[in-house]
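**Q** I would like the entire structure built from these sequences, with the hints used as guidance.
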Amino acid sequence: MHILVGLHAALGEAGALAFLWVLVELLNPNEARLRRARLAALLGVFLLLASWVAGGFYYVTEYGAAVKPVIKSGPLPWAHAVIMETKEHVFLFLPFLAILAWGLLSRFKGEFMRNRNLRIAITLVSGLVVLLAFAMAGMGFIISSGFRAALEATAL
Amino acid sequence: MRPHLTALAWATSGVVWLVVALTLSAELSAPFKAFLAGLTGHHWTSKSVIAAAAFIVLYVLFKRMRESENILGSVVFAVVSILLGGVVIFSFYLSHFIVL
Chain A
34 MHILVGLHAA LGEAGALAFL WVLVELLNPN EARLRRARLA ALLGVFLLLA SWVAGGFYYV
94 TEYGAAVKPV IKSGPLPWAH AVIMETKEHV FLFLPFLAIL AWGLLSRFKG EFMRNRNLRI
154 AITLVSGLVV LLAFAMAGMG FIISSGFRAA LEATAL
Chain B
1135 MRPHLTALAW ATSGVVWLVV ALTLSAELSA PFKAFLAGLT GHHWTSKSVI AAAAFIVLYV
1195 LFKRMRESEN ILGSVVFAVV SILLGGVVIF SFYLSHFIVL
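Chains as they are written, first to last, in the working numbering: chain A, 34 to 189; chain B, 1135 to 1234.
If you are wondering where the hints come from, they were derived from the structure by calculation, not from laboratory data. Yeah, the Cβ is synthetic: ideal placement off N, Cα and C, and Gly gets one too.
Chain B residues, not near chain A, derived (Cβ > 12 Å throughout):
hint : residue
1    : Ser1163
2    : Ala1164
3    : Pro1165
4    : Phe1166
5    : Ala1168
6    : Phe1169
7    : Gly1172
8    : Val1194
9    : Leu1195
10   : Arg1198
11   : Met1199
12   : Arg1200
Partial list, computed: chain A residues near chain B (C-beta under 8 Å):
hint : residue
13   : Leu125
14   : Leu133
15   : Leu161
**A** Put into structure tokens, the structure is as follows:
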């Protein structure tokens, strides 16, 4: 257990919830709800950027030396070879997608209500941010399970 | 502040495919992975820095384009790029694991 892993997961999930908040505000939009959605999206961008930094710092300073070799020698080596490798690279898409969602909400402040394509675009992007961020959490669970399984195999 | 949305969507798509290319190239070429690691001390940090820098550069470049009236097409392209990029990366590591 490491504080940076908790921080990375907490910031990432808070980012996902911020974009879920965006989706909820857009269900029945008016000016006040759009203002809150813009605020939630901006908050989500900062949370995901912070999660990137916290997770990256842990990955570079701790994971490679202390966790990766244990998982690779354990009963679930694919938890690193497939899941972690996918997670560490697909995560890089998230902050940029979040910035795009914030940009969409910020650019057409007055047009949102009458522009159906814009509403579809924001819903698509925000929804994908939520799905990807929760997928990252699921992958994190699998990686932790791989580490725990390796430790249990050593202890038993 | 009024962001240029076409540029933002295209920069997002560009970064996705750049990350996919960097990831696959680094796994297929040990010297390239070592080169990336040499830039910042770790290949993943280098990919992160390159992705962030590329996003800014691509946004500035695409900003010169006229903004599209229909943003949905560019956004759908970015969304599809992310889904396909994720599938390509996952499939690559899965096949790599099964073969080795």
